[in-house]
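**Student:** The chain contents come next:
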Amino acid sequence: MTDVTDMPDDDRDGRAAEYVLGTLPLEERLAFEAALADDPVLREAVAQWSARLQPLADSVAPVTPPAALRARLLAGIAPPLPPGRRPFNMIRWLAWTFGLSALAGAAAIALVFVFTPRPQEVGGYALLHRTDSAAHDVVAFQIDKQRRDMVILANAVAPQAGHDYELWVLPPGKPPLSLGVVKAGAREERALPAAAAGDMTDFANLAITVEPLGGSPSGAPTGPIVFVGMVRLMDNLTTTPPK
Amino acid sequence: MTALETLIEASAAGDRVAFAALYDAAAPQLFGLALRILKRRDWAEDVLQEALLSAWRNAGDYRRERGSARTWLTVILRNRALDRLRREAAARLADTGDDPPDVADPAPSALDLAMAGDDGRRLKTCLDTLEETQKRAIVMAYFDGLTHEQLAQRLATPLGTVKSWIRRGLQRLKGCLEP
Numbered sequence: 001m002t003d004v005t006d007m008p009d010d011d012r013d014g015r016a017a018e019y020v021l022g023t024l025p026l027e028e029r030l031a032f033e034a035a036l037a038d039d040p041v042l043r044e045a046v047a048q049w050s051a052r053l054q055p056l057a058d059s060v061a062p063v064t065p066p067a068a069l070r071a072r073l074l075a076g077i078a079p080p081l082p083p084g085r086r087p088f089n090m091i092r093w094l095a096w097t098f099g100l101s102a103l104a105g106a107a108a109i110a111l112v113f114v115f116t117p118r119p120q121e122v123g124g125y126a127l128l129h130r131t132d133s134a135a136h137d138v139v140a141f142q143i144d145k146q147r148r149d150m151v152i153l154a155n156a157v158a159p160q161a162g163h164d165y166e167l168w169v170l171p172p173g174k175p176p177l178s179l180g181v182v183k184a185g186a187r188e189e190r191a192l193p194a195a196a197a198g199d200m201t202d203f204a205n206l207a208i209t210v211e212p213l214g215g216s217p218s219g220a221p222t223g224p225i226v227f228v229g230m231v232r233l234m235d236n237l238t239t240t241p242p243k
Numbered sequence: 001m002t003a004l005e006t007l008i009e010a011s012a013a014g015d016r017v018a019f020a021a022l023y024d025a026a027a028p029q030l031f032g033l034a035l036r037i038l039k040r041r042d043w044a045e046d047v048l049q050e051a052l053l054s055a056w057r058n059a060g061d062y063r064r065e066r067g068s069a070r071t072w073l074t075v076i077l078r079n080r081a082l083d084r085l086r087r088e089a090a091a092r093l094a095d096t097g098d099d100p101p102d103v104a105d106p107a108p109s110a111l112d113l114a115m116a117g118d119d120g121r122r123l124k125t126c127l128d129t130l131e132e133t134q135k136r137a138i139v140m141a142y143f144d145g146l147t148h149e150q151l152a153q154r155l156a157t158p159l160g161t162v163k164s165w166i167r168r169g170l171q172r173l174k175g176c177l178e179p
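Chains as they are written, first to last, in this note's numbering: chain Z, 1 to 243; chain A, 1 to 179.
Treat the hints loosely; a few may be bogus.
A partial selection of chain A residues facing chain Z, derived with a Cβ cut-off under 7 Å [stated by the list, open to error]:
1. Ala20
2. Phe31
3. Glu45
4. Leu48
5. Glu50
6. Trp56
7. Gly60
8. Ile76
9. Ala141
These aren't lab readings, by the way, just hints derived from the structure by calculation.
Glycine is no exception: its CB is placed at the ideal position from the N, C-alpha and C atoms.
Chain Z with its partners taken away, still in its complex shape (with noise of 0.2 Å):
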């Protein structure tokens, strides 16, 4: 077997593709593994080819894997709690990383300040993504655990003018309930309305519609639904959503 650093150039790609492909018996793949550590130009190879061949596993079904996997999984990775350290540091990741990456320097800093998790404990967060683009645009959201406030960051895009985004709970068998108009690129800390605290269960439905100024005018969302997500409540991280 030749190794592989010291091939042509065609040839080292043409191995970075069977490697990928994964056509390559234990013993050779193991070799090419072991030339990948310190050769960037192999690595980089490897990263295209896997990108080449990403849209091979899109296209299969998928299927919801067991519940208790889920469970076993999420018990596995928890991490010993330092004692009186907040059990929850959502507002912080997310500060952080919309930070990094939608904002710059002084902006940055000033939303991680403004987002210092106030003293409550949080109940519930949901993070609402885009339904029709792959733009990076999330809308998260979070209740405390009493179901009194609710804090919502828009890390998106203005709708068109003339129009205003509105957040609805999807109770199962009820009518959407509006949460209230949404201000994109806002973070917004105010009461949730108190018809919809019973319908902050987990797993609730969450979406966001484009309404005319100031909210729809019926009470009913009128406009095409631009977000999605899941409400998942703190105390039952380790459960797997309904099929």
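Given the structure of chain Z, go ahead and fit chain A onto it with the hints provided.
**Tutor:** Okay, now just chain A, sitting in the frame of chain Z:
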């Protein structure tokens, strides 16, 4: 699904909540792929768990500029799945001295792939420019985790021929994807 990258970066910072969200977003696709490659539910469950645990431990190695989060996760999953297949095959050979039994494939490697999105359509178009033998060998290798030698057996074709189908097919694929 967007923002897998964000969730991996948060996992790297030790955030279990982000990791749970990553699991919910990514695990079903990865499990589907594991089942497709391994054909056995028990192995697929083991491999999925190993792969995601590895993703949690190595989340700090992920870099956006080196590729998408989906690809990063797929690579981890497929490497684990291939290791499992190679190990099981080696164990069977050591046990009996026979060729590994041919495992029935519940989802035969269909050549009519459902590939969505711009990248998917581009890859499908390019796969369709290959000779049928090249395309079948590549698709079978990807989804069934077969080595050159196993493919040669499966296709009842000499090893050298199968190697060249794959090598030439992959070269042509690359040329087609990056004209």
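**Student:** Are the hints correct? Go through all of them and say.
**Tutor:** Quick rundown of the hints versus the structure:
1. Restraint check, Ala20(A) versus chain Z: the minimum CB separation of about 5 Å is within 7 Å; hint holds.
2. Of the supplied interface hints, the one on Phe31(A) holds, with its beta-carbon coming within about 4 Å of a beta-carbon of chain Z, less than 7 Å.
3. Nearest Cβ of chain Z to the Cβ of Glu45(A): about 6 Å, under the 7 Å cut. The hint holds.
4. The interface hint given for Leu48(A) holds, since its Cβ lies 6 Å from the closest Cβ of chain Z, which is under the 7 Å cut-off.
5. Interface hint status for Glu50(A): violated, as the beta-carbon distance to the closest one in chain Z is roughly 10 Å, over 7 Å.
6. Hint status for Trp56(A): holds, given a least beta-carbon distance of 5 Å to chain Z, under 7 Å.
7. Among the interface hints, the one on Gly60(A) is violated; its C-beta lies about 14 Å from the nearest C-beta in chain Z, farther than the 7 Å criterion.
8. The beta carbon of Ile76(A) is not positioned within 7 Å of any beta carbon in chain Z (closest approach about 10 Å), and the interface hint is therefore violated.
9. The beta carbon of Ala141(A) is positioned within 7 Å of a beta carbon in chain Z (closest approach about 5 Å), and the interface hint is therefore held.
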